[in-house]
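Chains as they are written, first to last, in this note's numbering: chain A, 126 to 473; chain B, 2 to 269.
Just so you know, these hints were derived from the structure itself, not from any lab. There could be a bad hint or two in this list.
Said to hold, decoys possible - A few chain A residues that face chain B, going by a derived Cβ cut-off under 10 Å, partial list only: (1) Gly186; (2) Val190; (3) Asn204; (4) Gly206; (5) Met207; (6) Val208; (7) Leu214; (8) Gly227; (9) Arg231; (10) Lys234; (11) Phe235; (12) Ala277; (13) Pro348; (14) Gly365.
To be verified - Quick look at which bits of chain B chain A covers, simulated, 3 or more residues with Cβ under 8 Å: (15) 163–170; (16) 179–186.
Even for Gly, the Cβ is constructed at its ideal location relative to N, Cα and C.
Here's the letter readout for the chains.
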Amino acid sequence: MSAAIEVKLIGLSKSFGEVKALNNFSLEMAKGELVALLGPSGCGKTTALRALAGLQPLDSGKIIVHDEDITNLPTSKRNMGMVFQSYSLFPHMSALENVEYGLKMRFRKFSSSERQKKSKELLDLVDLASHMNHFPHQLSGGQQQRIALARALAISPNVLLLDEPLSALDAKVRSQLRDEIRRIQLEVGTTTLFVTHDQEEALGIADRVGVMKKGVLEQIATPAQLYDKPVTSFVAEFVGLTNPIEGEVRNGKINILGQEIEVLPGSVTSGKAKALIRPEAISINKESNANAQVLTIGFLGSMLRVLLKLNNGSMVTAQLPSSDNPNYKIGDQVLMRINPVPVFAKEL
Amino acid sequence: MRNFKRIDVWRWLIIGFVGAYLLIPVFAMLEFSTRGAPGERSTEAWTAIPTFPKLLSSIFSSLQLAVVVILAVVFILVPTMIWIHLRLPHLRRYMELLCLLPLTIPAIVIVVGIAPTYRALYQVFGSSPITLSFVYFILVLPYSYRSISASLFSIDSHTLSEASRSLGASTIRMIAGIIVPNIKVGIMSGAVISIALVLGEFTISNLLNFETMQVVINLLGKRDAATSVAVSLAALVFAFILLAILPTTNRSRSSKLKTNRKVGMVIK
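So here's chain B without its partners, still in its complex pose (with noise of 0.2 Å):
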């Protein structure tokens, strides 16, 4: 019993302690941006934010980058591993490779090795923000992998795909109607995790000169400190926000499952 309590304070002591460490510097910059004349609270740095067009212009950016790497992931990186998981298995610790291999370049030496490729990309594709998509399909990939991957091979896919097909469903019907839907959990961790990293991410785009939301906070900082601390809490919430929302969307089906449960009990 008393070792009980003793784990239970225990329990307390480091949710407090990692609680602390993870909500003082919000409040702190929840108390900056809020920072009026002495003694007073003033919303100006936040009411400012809209009167800084580049500013809106660089969230909007990350935002549509944000959705254009989802889209990648989904539509791209999805199908061709539900596909190497299918019918080419032996190809599947060479993706594995490559998908991981981001994970072991600095952000320095990716823009170091991309920037010629940039130089050809603006020719192209104009000097949109936009394109910064494509390194950052780059960078998502170790953590989209990992989380469908993980979701593959929780479910018997072989036999449901075979069982689809002699059904009559095409591969494309097979995949999107059969697998997708088995694996969402899997895709949904690999879209929040992806967000956040667009969201956040500040070397590559800086370097590359793309006016991205950090970027842009940044140059920010140094004008109007008050403002600049305003937009990363926003967008620190904004992303908090998403990462509670999107697996409440996942978990609809789910608890809809439980609720069956409890009414229809299995007969034998």
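Excised from the complex, chain A in its bound form (with noise of 0.2 Å):
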């Protein structure tokens, strides 16, 4: 991160009962960066979110927003735009309302004309201008949720907080939506904390990803780095498909169908291991001394996905461009081999 830092959580703490939802948990976000919490249902995403929000009283941590400390700080008072994963728009106000009304919270001292001027520039960067006076029932759930992310960006936020904005939505809506997110996002600047359990949408927009277990960041790092050089099996499990293949790791690679492929740091060092391969990096061949038959062969578009049975019994699901395909068919015998590009190596 070249860029300073504007957010600090750290060392944050909280438990319900007997469960840990944060865990020591340590966050650091740069001025206009979107870091994206990724991870699977009850990891802690959405308390870390609701605890900068102030939303979520912690146990213990360190709050920390352009140098201030704001741990304590009533919510009123933080300056955090958010957008709720439910629609959260008040139904007594038209859209327009809506918008204005964290101005007329927050800037006592500006005019009626100029909420309304501003309300209409941001109703106009989220394209629903013409919708102004609609009230939220009048309005589809992605329109709903383009107001609120108007309304929160509205308040200027130091911080802005996507708590799963798009999961109540329906497949094309929710891609539009991601990606007008991010085109705002990077129009208007806002350091943004996006949370959410859909890793396409976390690897598709965020500038780096964070994927959280049992209330602990396991990795945090570039979409790409996430994808190609996970520290832990978890990572390496939740973020993308693998095939988990047995093999020995030795000397800082495993051997796989008489392969010699190079492990990650945070594998297995020695010994029985099973590698955790990507299905794009596995390539099939029509050769004489194949190791695996095709069972099924499904069409998605750009890429087949074909599910093998090797010759040792496990399955494995390649995935590969339908464009090189040369007509595979159910039954046909391949020699699979798999692309040398490092792999994670876990226990048995």
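Mind docking these for me? Both chains are given alone in their own frames, and the hints should help you get the complex.
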């Protein structure tokens, strides 16, 4: 991170009874950065976001924004713009009034016309200026979330907090809105924390993605690093698909199907292990010395998903470009090879 | 088809029967209060209403009581319920139990229990009928609680309050500006029932020796039955008008919403 650190979450801990939602959780965000927190349900990602918003009291830890300790500051004084998972527009207010609300609360010196002007600009930013007099029940889910985004940005927040804002939307709208959130975030340059359980969302728009498990940040890295160089088996298996293939680790390499493949740091260092192979790292060819059989073929547009049964009985999924595919058929005997990229090897 | 006709006939029969059951006594009151010399109508009983000074002051007291009780509901019960709903949900069932308790206690028991308290209240607040608002507030709790609680559960009050606080609203502004407008229907319903209850309450005020409207109507009935019935009918009509007006004021916004819905359709 070259830019100045804007947000620091230091050693945050929070327990709900026996469950540790946050366990000495730390995170730093640079100015203008979009960080996504990714993890399964109950991993503590929403608790971390709510702690930053001031909506979740902590057992211990410190939150610093703009070099100011805001750990004990009430929510209303933190200047955090938040978009919620459920639709949170105020039902009795029009779209314009919803966007104006934060300005009314925070900037009392603004005249009514100034507020309206700024609100209209923000509705324009989310392409909904034409809907400013509509009430929430007159808007679709995607439109409501876009207005919620405009409302959150209206107060020029220190940090924009997005708590699974796309999860209630259908797939097509979700994908459109995801790209729109990124466009708007880059345009306004607001530091953003985005919480999601959908890895496609996280990898698709974030500068860095943090993967959480049981209140702990397992790894935080750029989407490409996270995908290619996971540091734990949890990260490797949670982000993207993997095929666990048994082999033997020796001298920093794992021997699988007669191939020697380098293992990533954090992997098992010696003895028997399971290499976590990405489906796209597998290639197949029709050759006489076949080591696998094609069980099923799924067409995914530009890609083919092929389920293979290895000679040792284990199943492997390969993802191949459709264009390179020489019309494989179910039952074909093929030679499976693994691209020599470093892989993560976990214990058996 | 025949079945539908039969259902229709039954429906009108039931409506007719209920309507007659409710309206015949009202018409009987009107007839009785406007009875003059044989074969003639007279408004004497109605025009006599303002001539009973006690009656006018008791009507005024009852109206004051209704206003004070509604203010108590709005400024004490509503914020307390919102606070418990949002911040202390584990206390919700105790609050419910407490609020519904007055339903299970007969008025006479309340009077016996509360009489010593009122002796102390006389010393602090004097013997004004307005002091009845303390006990009336307790009496309206079950009805107000039910309607406000139903409204609170019908909205996502947690998310709305968090959204409001994150946008810089203080707790008071959050409650007044976001939650209350969205549970207005419940508050209004509670208020209407409270008014009807306060204007119609007789037992407690009579036993505690306060001259509220119902108590004076009862006294008047012993002296001038026609005027007593006229006042009762007027009180009844007043309550009907309130019941009709209050929900309408609340509907003005929603009818505006309906108009908007027709004009601008949802765009994906």
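Here is how each hint holds up against the structure:
1. Gly186: This interface hint is violated because 20 Å lies over the 10 Å limit.
2. Val190: violated, 14 Å
3. Asn204: Check passed: Cβ of A/Asn204 comes within 7 Å of chain B, closer than 10 Å.
4. Gly206: holds, 7 Å
5. Met207: Holds: closest Cβ of chain B sits about 4 Å from A/Met207, inside 10 Å.
6. Val208: Holds - the Cβ of A/Val208 comes within 10 Å of chain B, reaching about 9 Å at its closest.
7. Leu214: Given a least distance of 8 Å, the restraint on A/Leu214 holds.
8. Gly227: Result: holds, 4 Å to nearest chain B Cβ.
9. Arg231: Holds, about 4 Å.
10. Lys234: This interface hint is violated because 13 Å lies over the 10 Å limit.
11. Phe235: The hint is violated - A/Phe235 has no Cβ within 10 Å of chain B, the shortest such distance being about 12 Å.
12. Ala277: holds, 8 Å
13. Pro348: violated, 28 Å
14. Gly365: Cβ of A/Gly365 sits 31 Å from chain B, so the hint is violated.
15. 163–170: holds (count 8)
16. 179–186: This one holds; 3 residues, not fewer than the three required, reach chain A with a Cβ under 8 Å.
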